[in-house]
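There are 2 protein chains.
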Amino acid sequence: MNLDAIFHPDSVAIIGASRTPGKIGYILTNNMLNSGFKGNIYPVNPGADEILGLKCYPSVLDIPNDVDLSVITIPSASVLQAAEECGKKGVKALVVISAGFKETGHEGSVLEQQLVEIGKRYGMRIQGPNCLGLVNTLTPLNLSFAVDMPRRGKIGFISQSGALGTAVLDWVIKENIGFHSFISLGNKADLDEIDFLEAMSEDDEVTVILLYLESIEEGRRFLEASTRIVKKKPIVILKGGTSSAGARAAGSHTGALVGSFLAYQTAFNKAGVILANSIEELFDYGLVFTEQPLPKGEGIALITNAGGPGILATDLSEKLGVKISSISSEVQGILRKNLPPASATGNPIDVLGDAKADRYAFALKEVVKDDGVNAIIVLLTPQAMTESLETAKNIVEMKSALNQKPILAVFMGGKTVEEATSYLMNNGVPCFDFPEKAIQAISAMYRYTRFLKLPVFSLKRFDDVNSTRVKTVINAARMDNRVVLLSTEAADLVEAYGIPVPQNKLAVNTDEAVEYAEKLGYPVVLRIVSPDILHKTDVGGVALNLNSSNDVRTAFDQMMTSVNKFVPHARIYGVMVYHMIPRGREMIIGMSKDLQFGPLLMFGLGGIYVNFLKDVSFRLAPLTDNEAGEMMEDTKAYTLLKGIRGEDPSDVSALKDMILRVSQLVIDFPEIVEMDINPVVVYKAEEGAYALDVKITLSK
Amino acid sequence: MNLDAIFHPDSVAIIGASRTPGKIGYILTNNMLNSGFKGNIYPVNPGADEILGLKCYPSVLDIPNDVDLSVITIPSASVLQAAEECGKKGVKALVVISAGFKETGHEGSVLEQQLVEIGKRYGMRIQGPNCLGLVNTLTPLNLSFAVDMPRRGKIGFISQSGALGTAVLDWVIKENIGFHSFISLGNKADLDEIDFLEAMSEDDEVTVILLYLESIEEGRRFLEASTRIVKKKPIVILKGGTSSAGARAAGSHTGALVGSFLAYQTAFNKAGVILANSIEELFDYGLVFTEQPLPKGEGIALITNAGGPGILATDLSEKLGVKISSISSEVQGILRKNLPPASATGNPIDVLGDAKADRYAFALKEVVKDDGVNAIIVLLTPQAMTESLETAKNIVEMKSALNQKPILAVFMGGKTVEEATSYLMNNGVPCFDFPEKAIQAISAMYRYTRFLKLPVFSLKRFDDVNSTRVKTVINAARMDNRVVLLSTEAADLVEAYGIPVPQNKLAVNTDEAVEYAEKLGYPVVLRIVSPDILHKTDVGGVALNLNSSNDVRTAFDQMMTSVNKFVPHARIYGVMVYHMIPRGREMIIGMSKDLQFGPLLMFGLGGIYVNFLKDVSFRLAPLTDNEAGEMMEDTKAYTLLKGIRGEDPSDVSALKDMILRVSQLVIDFPEIVEMDINPVVVYKAEEGAYALDVKITLSK
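First to last, the sequence lines map onto chains L and S. Letter by letter, the first sequence follows residues 1 to 700 of my numbering. Letter by letter, the second sequence follows residues 1 to 700 of my numbering.
With the rest of the complex left out, here is chain L (with noise of 0.2 Å):
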């Protein structure tokens, strides 16, 4: 994606540009002044002549030179005039800073549109509207609220929330974080988080893409696009509206589509995006994406001197999934013969409090050299003798010795560490004031290794599955009315995929339930089929260990009168006949329609602990086979089917075919919107699973 008439235009009309100090249009004026902007920057209002010294036109269409980039800030009113006059001088691109579109209702909705529509006409790509304009340090331009810039970096951050963005620039000044550039999305009504993640993928000038997104529209389409970009620089979210409440609140504040978190959460996963847990996380991440190597493999190095921060650090490792190595003999050996005897030479290796610089610099140098370890982070606390600022210096002196391994320090205080903490940040070396920070951001480096590092894998396809069955089915059912298919047809459809269930059919009276079961062999079950009864047996709808032909009789009369009684309205279709199957675990598969993203499935214990244990995973589909595995592998129930103590363990490769399977089914029938398979029942390694029982909502 080009969107260098965003990001490196050669010049900017700054369509509402203002003499009264304090109006938008007045401070991007000035910040674009005060950028170093090479361009040309064209103030556009009718009413002033001249703007902060430069010269203004009345329209836009008055300047004698091409324009790039045009920024509007007037009233939305005037929006679409603007536009077009943009449209027909050739302008390449739009930032839309004003307001008053869909975030305000159905007639904000048409403006809206009627702009994207000027948009196309043109070839006008457009920012916003209502948002907060753009940043770049390379170019460099100020388009935004905020006075100052950060300093040159590599980070570029995308975030939906304009004003939350003006506050991390202002943040990250004080912070002493490098940036690439800000895009404030606003509204999205053109480009969107994917168009902008894709010209940062493209820019090597990027290192690492933070965002703070509330929600995705088109889900697939990030999906597909993050999986790739993600393999060339990471991908940290931050996503605001993960609680039922947060959702209303972004839902009154964007007017746009929340999904749930869950279906966020699993598409992140599922391309390998960093997830940060909040503002300050985005950031540390971000810092130490950019300013630092990956680790080559799996281990860090804790250099102390003091043991509450070591033991606080070595806490959150483990916590998260960090490895703290064990120091080699070798190095620890050495360490022993030079540090002072009180030392810890393990992990942490406490250089204790009186440590000067070169006491860490030594540690520093040895624990190098360890093979062992891919990582350090040097923690220092400010003591009677700690030299703050030459260890600084010295951990910045050794970077190149580091043989690319990532270094991370946490010097902890205020004043007394505010110098050194500076250099290290002006040198490349994140700093972080709390030990617990450092470990995080190290967990995230590592989480995006790890990912890196898995194998590529491929989707499953089964060939012998019957597509046309399943149609026939689904027609059926749509003949009929219903989006709820009847049990039968549901069994039917799945088995149609290669799903094993129990051999069944439909019997409408007595005489054909009692036909059924003597061709099915005894003993058999009965289950009332009819499109409003969910909870069948609540109503008398199931009568299981029929074992002849006059408890077959009998349990039909029952179930009739009782399902009558019960339930009179209810459409009967009659009652499906099937062989009993012996008792097994009973997991769950189900499958729910994610609006942004797609088919979520899900895996877990089923039968009545699916209700209060809640012990399931998700994936997106379609999967991959080593997907699948995860996907069992998620759950405590795994455990269980591996076989423990003494039980046998449970065929977990019919499992995961009939996981496959679905994934499959629900990939090529998109009108599948929801399905349960519960329980499947699942027997001993080999001897299969069959879903018992199945239900399949189907779009309307």
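The set of hints was computed from the structure by calculation and includes no laboratory data. On a predicted model such as this, the values are computed, not experimentally measured, just so you know. Treat the hints with caution; some may be incorrect.
Given that identical chains are not distinguished, each listed pair holds provided it fits within a single copy or across any two copies.
[To be verified] Straight line, CA to CA, 30 Å or less: simulated DSS-like cross-link-like pairs of lysine-lysine:
no., residue 1, residue 2
1, K365, K319
2, K38, K415
3, K565, K684
4, K565, K642
5, K415, K174
6, K415, K23
7, K337, K393
Using the hints, position chain S against chain L.
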């Protein structure tokens, strides 16, 4: 506990004072001189006449006046003599900075013990050794390595890591957080965290006590003290060494015994102590507790000028169980009438990006009137029109009108909001840089408030217990040199405490087994009785569902053959015969004794599920009726016990009774160090519960 000599000494001797800048003896003398200490400072050093303008004495005995407190910072080999001299001089307390004691091994431990004995002989309390001193802004005094003192405040901070304390002192100055005092515990040879907790609890100038702890040696004493103190003021703890790796690090650091984190967590919960997860959280909590009143009821309001931060705050609120109030229609009406139409008057209340200070003030003034709003968080991002300092001033001005409702601020950004943030912090309004921190902090306030509101429950004591019978069983095992009770003994023992067990008999041969089976009534179960067989099923040691004398005879003989084959050297005490009880839900009740905190009870889903679902909860004995109830409610299985989807509810009151009886049993008999009732079979409401299999281990 009177520790006035430490907190408020009239005179301080510095044993090991030095004229050499950089030396600890110099730093301490210099810091005391700069601290504003009003009493006398006596440097003690035989090699100097004068230090930093103060007359120096060769020994504490040479000081002409009384000395309240001596701080000792000379090599450990000379500490005992100095302490002895202090004793003779009538010094009231010692702060021993010197290292080289217990933390260095056996020799150091002996030295430390001798130091404690000197203290006892002379009635001198000792802080340390191996500590980094103390700071008190009230007295004021500074016997720490930190050059500057924090501003005066009401936070008391006790740290088991001295260096972490020093770093924090430095940091709180930067963050503008007020402090009452800082205590570095060191090796806790005499005074420990409980002593300082007590002292701070009695000091009205302390409103909140923060602790960084790596170990608690006297768990029960801690529990008793903290339970009492929490009713007066909040205690917040950051526990280092929560991981197994962290515990190792703690072990090598302080030589202290680190208990399992689970026991700590359970103890903190029982006492109402707030647990912090990071250093920053510890101080964020300290800040809000010390600066703001506690909320009177649930429900907070968020006032913001940007959607994003409001969404992030809402997300975390939901996650942490902080209720977002519904703003009353009356207040919403007023807001709607006076705020711009695009504002959101629900909660979060969005005053929009162009809000100046007056609009914030208006919203705040109205929202505070809402009875459903019991705490307020004001969020601000720096945008074009934002007046951050004015807004800060308005918030501070409104404090008195807030009617004791706590208010927190979140001013995001850097330089732009720096002045406003300082203004708020200096005027009693905690101000955070990110919304997540404010929500964490208010959530801690709510945790504390809810705890304070809990009614006082008294311990449950049963009278219908037979202690003599328990003693007889225990003695029999002792006589037999066993610490693991036989299953028949264990059943007997719990039955003596009123816990129902199936009627059973120990049969030593086939004939006895048949005889007992006839008496107990069929069906019966046989179970091997041997202290050497843990997993009885695996070796053929259990036979279920025996319906006749023939069945019993065959089963007995087969069992002996099988057991002899699998575990030929096992001591066989016979076979337990019991009437087979019907199937029910299988739960577990267990107890494991924690070294520091005593009997830790467990309740949860039993049978095979306990191993992989780990759906269990913990409480420290003895339990109140209420705690036993909570313990059950904490598990997911509780939903199952209450009866789901047409299933009958289980007899939860029988379960509760059993939990309470186990609690009483393990308190009455501290020699029981471990027990498991698994499964506890529970039936429908009013139908009771049985301890089906009981394992009990005694102390050696």
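Hints, verified against the model:
Taking the closest pair of Cα atoms, K365 and K319 come within 30 Å of each other only inside a single copy of the chain (28 Å); across copies the shortest separation is 44 Å, beyond that limit. When the C-alpha separation of K38 and K415 is checked against a cutoff of 30 Å, the pair qualifies only between copies, where the shortest distance is 27 Å, while the shortest distance within a copy is 38 Å. With identical chains, the CA atoms of K565 and K684 are at most 30 Å apart between copies only, with a shortest distance of 27 Å across copies and 41 Å within one. Taking the closest pair of Cα atoms, K565 and K642 come within 30 Å of each other only across two copies (27 Å); inside a single copy the shortest separation is 45 Å, beyond that limit.
For the homomeric pair K415 and K174, the shortest alpha-carbon distances inside one copy (14 Å) and between copies (7 Å) are both at most 30 Å. In this assembly of identical chains, K415 and K23 lie within 30 Å of each other by CA distance solely across copies; the values are 21 Å between and 37 Å within a copy. In this assembly of identical chains, the alpha carbons of K337 and K393 lie at most 30 Å apart only when taken from the same copy (25 Å versus 59 Å across copies).
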